[in-house]
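Chain order of the listed sequences is Z and Y.
Per the numbering used here: the first sequence = residues 1 to 338.
Per the numbering used here: the second sequence = residues 339 to 635.
Treat the hints with caution; some may be incorrect.
[As the list claims (entries may be wrong)] Residues of chain Y placed beyond 12 Å of chain Z at every Cβ, according to the derived structure:
{"no.": "1", "residue": "R367"}
{"no.": "2", "residue": "Q370"}
{"no.": "3", "residue": "E396"}
{"no.": "4", "residue": "G426"}
{"no.": "5", "residue": "R459"}
{"no.": "6", "residue": "K481"}
{"no.": "7", "residue": "S497"}
{"no.": "8", "residue": "L531"}
{"no.": "9", "residue": "D563"}
{"no.": "10", "residue": "E580"}
{"no.": "11", "residue": "V584"}
{"no.": "12", "residue": "K587"}
{"no.": "13", "residue": "A611"}
{"no.": "14", "residue": "A622"}
[Said to hold, decoys possible] Dumping the calculated DSSO-like pairs for lysine-lysine here, alpha-carbon to alpha-carbon at most 27 Å:
{"no.": "15", "chain 1": "Z", "residue 1": "K48", "chain 2": "Z", "residue 2": "K117"}
{"no.": "16", "chain 1": "Z", "residue 1": "K261", "chain 2": "Y", "residue 2": "K587"}
{"no.": "17", "chain 1": "Z", "residue 1": "K261", "chain 2": "Y", "residue 2": "K602"}
{"no.": "18", "chain 1": "Y", "residue 1": "K596", "chain 2": "Z", "residue 2": "K261"}
{"no.": "19", "chain 1": "Y", "residue 1": "K602", "chain 2": "Y", "residue 2": "K587"}
{"no.": "20", "chain 1": "Z", "residue 1": "K261", "chain 2": "Y", "residue 2": "K493"}
{"no.": "21", "chain 1": "Z", "residue 1": "K261", "chain 2": "Y", "residue 2": "K546"}
{"no.": "22", "chain 1": "Z", "residue 1": "K79", "chain 2": "Z", "residue 2": "K117"}
{"no.": "23", "chain 1": "Z", "residue 1": "K283", "chain 2": "Y", "residue 2": "K587"}
{"no.": "24", "chain 1": "Z", "residue 1": "K79", "chain 2": "Z", "residue 2": "K48"}
{"no.": "25", "chain 1": "Y", "residue 1": "K533", "chain 2": "Y", "residue 2": "K546"}
{"no.": "26", "chain 1": "Y", "residue 1": "K587", "chain 2": "Z", "residue 2": "K297"}
[As the list claims (entries may be wrong)] Here are the simulated distance ranges between beta carbons:
{"no.": "27", "chain 1": "Z", "residue 1": "L325", "chain 2": "Y", "residue 2": "T562", "range": "35 to 45 Å"}
{"no.": "28", "chain 1": "Z", "residue 1": "K283", "chain 2": "Y", "residue 2": "K480", "range": "34 to 44 Å"}
{"no.": "29", "chain 1": "Y", "residue 1": "D521", "chain 2": "Z", "residue 2": "L325", "range": "24 to 34 Å"}
{"no.": "30", "chain 1": "Z", "residue 1": "L322", "chain 2": "Y", "residue 2": "G593", "range": "18 to 28 Å"}
{"no.": "31", "chain 1": "Y", "residue 1": "G593", "chain 2": "Z", "residue 2": "K283", "range": "23 to 33 Å"}
{"no.": "32", "chain 1": "Y", "residue 1": "T477", "chain 2": "Z", "residue 2": "Q240", "range": "24 to 34 Å"}
{"no.": "33", "chain 1": "Z", "residue 1": "L322", "chain 2": "Y", "residue 2": "I514", "range": "18 to 28 Å"}
{"no.": "34", "chain 1": "Z", "residue 1": "R211", "chain 2": "Y", "residue 2": "D521", "range": "50 to 60 Å"}
{"no.": "35", "chain 1": "Z", "residue 1": "R211", "chain 2": "Y", "residue 2": "Q476", "range": "55 to 65 Å"}
{"no.": "36", "chain 1": "Y", "residue 1": "D521", "chain 2": "Z", "residue 2": "N173", "range": "57 to 67 Å"}
{"no.": "37", "chain 1": "Y", "residue 1": "G593", "chain 2": "Z", "residue 2": "L325", "range": "27 to 37 Å"}
These aren't lab readings, by the way, just hints derived from the structure by calculation.
Computed from a prediction, not measured in an experiment: that's the story for all the values here.
The beta-carbon is built from N, C-alpha and C at its ideal position, and this holds for glycine as well.
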Amino acid sequence: MNEKDEKKTVTFEPKVEDKNEATNKSIRESAATLSTTGRLMSYNQELKDSLHNGIHFTQLLDKLVQTKEPQTLFEAAQKLVNYHLDNSYLVFPQQYSRADFYLIFLNRLLELHNSEKVILQSSDRNRELYHEFPGINTQGYFVFQLEKGTTDGAYYTEKNSGEIIFYLNFHKNIVRFNSRSLAQLLLVDYPKKIRVEAIKSFENYLLNLGRFFKEDYGFDVDFNLLDPSNSAVYQLSNPQISHSIIDQLFVMAADGGRMLKVGPQNEAILNLNGGTVVTLFDKGSQDNAGVSEWVIKVNDTEHQVSWFDILLQYQFIREWYLDNLSDLEVRSDSLYFN
Amino acid sequence: MANIQDSVIQREHVLATTELSKAVANKARYLQTLAAAIQDQDDRLVYQLIDGERYSKEILQAKHGSSDERNEQLVLDISDKLSQYLSGNLIAYLRETYPFFYFEQTSLGHFQFYFGNWWDRRLFGALDVLKVKFNFDQTEYKKLELAFKLETQKKRLNSDKIAEISQQTDQLQSLIDSQDSRDQEKEKVRLQLKKLAQDKVLPWEASKAKEAKQKLVERLSFLTDQDEKAQQAYKIIRESEEKVLVLSKEDTLIGYEKQSIVAKFGSFENFTARNESLYRDYIADLIATKGRVKINE
Numbered sequence: 001m002n003e004k005d006e007k008k009t010v011t012f013e014p015k016v017e018d019k020n021e022a023t024n025k026s027i028r029e030s031a032a033t034l035s036t037t038g039r040l041m042s043y044n045q046e047l048k049d050s051l052h053n054g055i056h057f058t059q060l061l062d063k064l065v066q067t068k069e070p071q072t073l074f075e076a077a078q079k080l081v082n083y084h085l086d087n088s089y090l091v092f093p094q095q096y097s098r099a100d101f102y103l104i105f106l107n108r109l110l111e112l113h114n115s116e117k118v119i120l121q122s123s124d125r126n127r128e129l130y131h132e133f134p135g136i137n138t139q140g141y142f143v144f145q146l147e148k149g150t151t152d153g154a155y156y157t158e159k160n161s162g163e164i165i166f167y168l169n170f171h172k173n174i175v176r177f178n179s180r181s182l183a184q185l186l187l188v189d190y191p192k193k194i195r196v197e198a199i200k201s202f203e204n205y206l207l208n209l210g211r212f213f214k215e216d217y218g219f220d221v222d223f224n225l226l227d228p229s230n231s232a233v234y235q236l237s238n239p240q241i242s243h244s245i246i247d248q249l250f251v252m253a254a255d256g257g258r259m260l261k262v263g264p265q266n267e268a269i270l271n272l273n274g275g276t277v278v279t280l281f282d283k284g285s286q287d288n289a290g291v292s293e294w295v296i297k298v299n300d301t302e303h304q305v306s307w308f309d310i311l312l313q314y315q316f317i318r319e320w321y322l323d324n325l326s327d328l329e330v331r332s333d334s335l336y337f338n
Numbered sequence: 339m340a341n342i343q344d345s346v347i348q349r350e351h352v353l354a355t356t357e358l359s360k361a362v363a364n365k366a367r368y369l370q371t372l373a374a375a376i377q378d379q380d381d382r383l384v385y386q387l388i389d390g391e392r393y394s395k396e397i398l399q400a401k402h403g404s405s406d407e408r409n410e411q412l413v414l415d416i417s418d419k420l421s422q423y424l425s426g427n428l429i430a431y432l433r434e435t436y437p438f439f440y441f442e443q444t445s446l447g448h449f450q451f452y453f454g455n456w457w458d459r460r461l462f463g464a465l466d467v468l469k470v471k472f473n474f475d476q477t478e479y480k481k482l483e484l485a486f487k488l489e490t491q492k493k494r495l496n497s498d499k500i501a502e503i504s505q506q507t508d509q510l511q512s513l514i515d516s517q518d519s520r521d522q523e524k525e526k527v528r529l530q531l532k533k534l535a536q537d538k539v540l541p542w543e544a545s546k547a548k549e550a551k552q553k554l555v556e557r558l559s560f561l562t563d564q565d566e567k568a569q570q571a572y573k574i575i576r577e578s579e580e581k582v583l584v585l586s587k588e589d590t591l592i593g594y595e596k597q598s599i600v601a602k603f604g605s606f607e608n609f610t611a612r613n614e615s616l617y618r619d620y621i622a623d624l625i626a627t628k629g630r631v632k633i634n635e
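Isolated chain Y (complex conformation) (with noise of 0.2 Å):
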């Protein structure tokens, strides 16, 4: 019986060396294909290696890959490094496609990117190598996106802020401009309130009389309040000029940012669809250019 038993165990135990041997010679071969890529300078096989679901839905239009996805994971510890070495292909493609962006490294394998080379330009987002997408930052790509569809309008981002702005400025400063006929008006009342106060006031017409004194006084009080609003009023406006100034760097940046997509794409629209089809596009060129080199040699 013991034997057998032997027998049975030692069966397993080959059974298992070769499974064993035959999972890491899948994954050595993996990584040999991997290591052959990269010393080739084959960013698209190695962009095939990395996702190799992706790879084959977008480039080779299969519903199903054929790659093991588990392999993958094994080089998922320096993603950083692949990303760092990926990254020089991919952003000299994408200096030629979206010349407007201008890249900044922030740490091994990760790129941030400002959108135009203009005074105050606006950090745009994030680059992801490994996927070849553009993270937008939300807040700035959904002004942007606001700009465009206000185009219709004939507007900019803020016109509307400002001109509530600049109206507000408006009424401050005629507020301000109006302080002479103010004080006119004032002196005015004040000598009404002294006279009534003076004259001699018959009984049934205490109440009338009285009626009279208080809608001096709210006069009075309300042109004074209007004299406390003229007095804040330069600060006001000076702050508003700032708010303005603010608004509309806003607007000119984010004109500059529309004219470098018509530019370049004619619509917002045509950025878009580049936007998400920029995977396919670049895997398109490596294998153009590819081709080329191999022509050139």
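The shape of chain Z in the complex, shown without the other chains (with noise of 0.2 Å):
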């Protein structure tokens, strides 16, 4: 057989335009090892394994949206927060995004526990889905942003306004939330528009979720100022602060009908509606450690009010707050928040 009389069998490269490269590619190739049979199965692999990429993929979201099992439904949003549906011999058109995702577990999550407030929207503008809160309504529009460098971490974001509300991980298994937009958000931008009720119940549905978040999977939750536990100490920004913050505290309690007291450790006590007790007292001085580091406390018999709600129930103290906000701020964790 004379070698040069045979055709060569040009096979068919998917995704290659150029002609040229083609034919070079080809000649090129036909000097491998795989016959043309070979390379015709192995594209059919791909495409089979491609196929069947997508099919887990939908198997997945079939759990995502329809399971009544937590850790399934956590398992599924894991996988799929980091799923790559597309390859070189697949793609699909229709997709959501992993911020989506996010979302859309959210929405379970809350659903499987009966306390679904929050609406899952979706814009056509921004092609996204967003969180729309009843009673926030159009002031508040919610997203993922993902966290950048890495795919396991997200931003709960109001879009508008750009403040975070809570890092979540779904590798590290941590949820934070973030002092300084909650403050920003729900104490100085929304009161001047929104209903206090409406606040208070976007207030719940994040307590809710960063719950579930401990109670189902385990999470570690920093809820910072929201959390209404009785044994929650809430850092300051600046531990050392001034004698005369305080003291603009004690004449404001005194404009607001209130009165500042002293402790016996020199603590500043102030007692508000139905047994509620803010407490600001220097941890460093009763733990003997030398340098001053004074947090607050909130006490209340139910173990239900934070120091977010006497910042949104109390105006005296809002406007303290505010006032020495650079003092004040209660800290969030500086790995996700600055």
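Put the two chains together into one complex, using the hints given.
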């Protein structure tokens, strides 16, 4: 057989547009050991794998949408936010983004606990899902923004203002609330235009989310200033606050009809409605640490009132907090917020 | 002769012995009575024994006491211990009659007290347990007294000072706010100066032109002075805010003090009257309490 007379079979190469290059390539590859049949089979296998990958994706999506099992739900979401659906053999033109899956997951989690208040909306303009909260309505457009440089974390963000409410990470199993944005959004911006009941309801929604992550999946949740537990110690961004800041509270409290009292260890005590007590004390001096470390505690019989609730309910305390925010801001996890 | 002298000396010695024995017995009796009074927890008697003169005058309304003051000197060196002992009942009594005073022991038998239980309450003085008397911190006490006097003018202690600072702050603020209009005026003045320099001046108008120029230069320097002041104003305003805070805090503190006094005594006059009769009132209370205890037994 004359080698030169034999026509070479040109194998179909998907996604190759340059004909010359294709020809060159096929000539080059003809020298390779793979036979035509082998190549076709290999191509077919890639397609099968891609289709299987797609099927697997739909199975996960089924679980995400339908399961009644919190653990199954979590595993599905964890996989979906990292799922590579497309490859060079198969592309799906209609897709939800990774950020969307985080949102869907939240709604499903809330649904499993019968406390789904937040509404999952679809924006045609931005081609994305977003959260709308009843009462806050168009003043809040909540989405997840993916953490840069890693696939595991995402920030729950109010898109118009850019305020980041919390950070969520499926692999580190953590939720971190952000005091700065919570204060800016819920204590500065919203009170001007939104009923306090709606803000309160939004706060409950956030608290529930944190609780479900903690209870169902054992997440480490930093509730920050939302923590209603009496054992919560709210740490200040400047632990060495000056005396005059507490003096301000003393004067503002008096104007607000309340007396800021002093305790046996020189702590400042504010008695509020319903037996709720706010205490500012120097943890450093009580621990004999040598360096002062002022913190805030909120005590109530039901373990239901957080520092945030106090700030929302009492105008004079809110004014005091916001006036001195650079000192009094409750510290957020500096790994995720600056 | 010698015998007679001897017997005289002997007689004198006997006399001396008798006298001394009497004197010592007197002191011993005093101390025994005191010991018994302490044993019986009879604070009233203790008070009578340690200051008989005052007791006679204030309680018995007698002109002269029957007690011997020199005996009282016997316990001078244990006055801290006496004070510590007497403080127990006295402070319990004061807590009821002056619920807004908070006592704190500083050393054996010595106590100071704060006015109120609020933030940054003022240290208001020391308690003299043996004399049953408040030694008020005169600076703090006078502020309170003055605050009561100012009440008739519907003013607080620092109202005037705060008003003065606020006025200054307002002026500084308007200085800051008027920066734009000042900048515009400076521009205008500079243009006028420039024009003046360029214009030909007729000899007979020279002095007039010079005068005009002088005025413009003065105006410009006035405006730049204002600019400088405006730049410092931020700092001054911040300092003023701190000053106002200190003053308002003091007003708030004194406001609480006044409320406490009015709630318990009705007026400042009644309060001072009670302070003056404290010794009598307390002894009377001791007598009354003692009576009750006996009835209960």
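Now the hints, each set against the structure:
1. R367: 45 Å, holds
2. Q370: Per Cβ check, Q370/Y is outside 12 Å of chain Z; nearest 42 Å; holds.
3. E396: 36 Å, holds
4. G426: 20 Å, holds
5. R459: R459/Y not clear of chain Z: closest Cβ-Cβ about 6 Å, inside 12 Å.
6. K481: 17 Å, holds
7. S497: 14 Å, holds
8. L531: It holds; L531/Y is separated from chain Z by about 45 Å at its closest Cβ, greater than 12 Å.
9. D563: 32 Å, holds
10. E580: The assertion about E580/Y is violated, with a minimum of 7 Å to chain Z.
11. V584: At roughly 8 Å from the nearest Cβ of chain Z, V584/Y sits no farther out than 12 Å, so the non-interface label is violated.
12. K587: The assertion about K587/Y is violated, with a minimum of 5 Å to chain Z.
13. A611: Consistent with the label, A611/Y stays out of reach of chain Z, its closest Cβ about 27 Å off (over 12 Å).
14. A622: 33 Å, holds
15. K48/Z to K117/Z: 41 Å, violated
16. K261/Z to K587/Y: 13 Å, holds
17. K261/Z to K602/Y: 19 Å, holds
18. K596/Y to K261/Z: With a Cα-Cα distance of about 16 Å, the restraint between K596/Y and K261/Z holds, given a limit of 27 Å.
19. K602/Y to K587/Y: 23 Å, holds
20. K261/Z to K493/Y: 25 Å, holds
21. K261/Z to K546/Y: 71 Å, violated
22. K79/Z to K117/Z: Given pair K79/Z, K117/Z holds - Cα atoms ~25 Å apart, limit 27 Å.
23. K283/Z to K587/Y: 25 Å, holds
24. K79/Z to K48/Z: Roughly 21 Å between the alpha carbons, so the hint for K79/Z and K48/Z holds.
25. K533/Y to K546/Y: 15 Å, holds
26. K587/Y to K297/Z: Status holds; Cα separation ~24 Å.
27. L325/Z to T562/Y: 35 to 45 Å: For T562/Y against L325/Z, whose Cβ atoms are near 36 Å apart, the range 35 to 45 Å holds.
28. K283/Z to K480/Y: 34 to 44 Å: At roughly 38 Å between Cβ atoms, K480/Y and K283/Z fall inside 34 to 44 Å, so the hint holds.
29. D521/Y to L325/Z: 24 to 34 Å: 32 Å, holds
30. L322/Z to G593/Y: 18 to 28 Å: 25 Å, holds
31. G593/Y to K283/Z: 23 to 33 Å: 31 Å, holds
32. T477/Y to Q240/Z: 24 to 34 Å: Since T477/Y and Q240/Z have Cβ atoms about 30 Å apart, the given range 24 to 34 Å holds.
33. L322/Z to I514/Y: 18 to 28 Å: Given a distance of about 23 Å, which is inside 18 to 28 Å, the answer is holds.
34. R211/Z to D521/Y: 50 to 60 Å: 57 Å, holds
35. R211/Z to Q476/Y: 55 to 65 Å: The hinted range 55 to 65 Å holds for R211/Z and Q476/Y, with Cβ atoms some 59 Å apart.
36. D521/Y to N173/Z: 57 to 67 Å: Hint holds: Cβ distance 59 Å, inside 57 to 67 Å.
37. G593/Y to L325/Z: 27 to 37 Å: 28 Å, holds
Consistency with the previously given hints fails for numbers 5, 10, 11, 12, 15, 21, ordered from lowest to highest.
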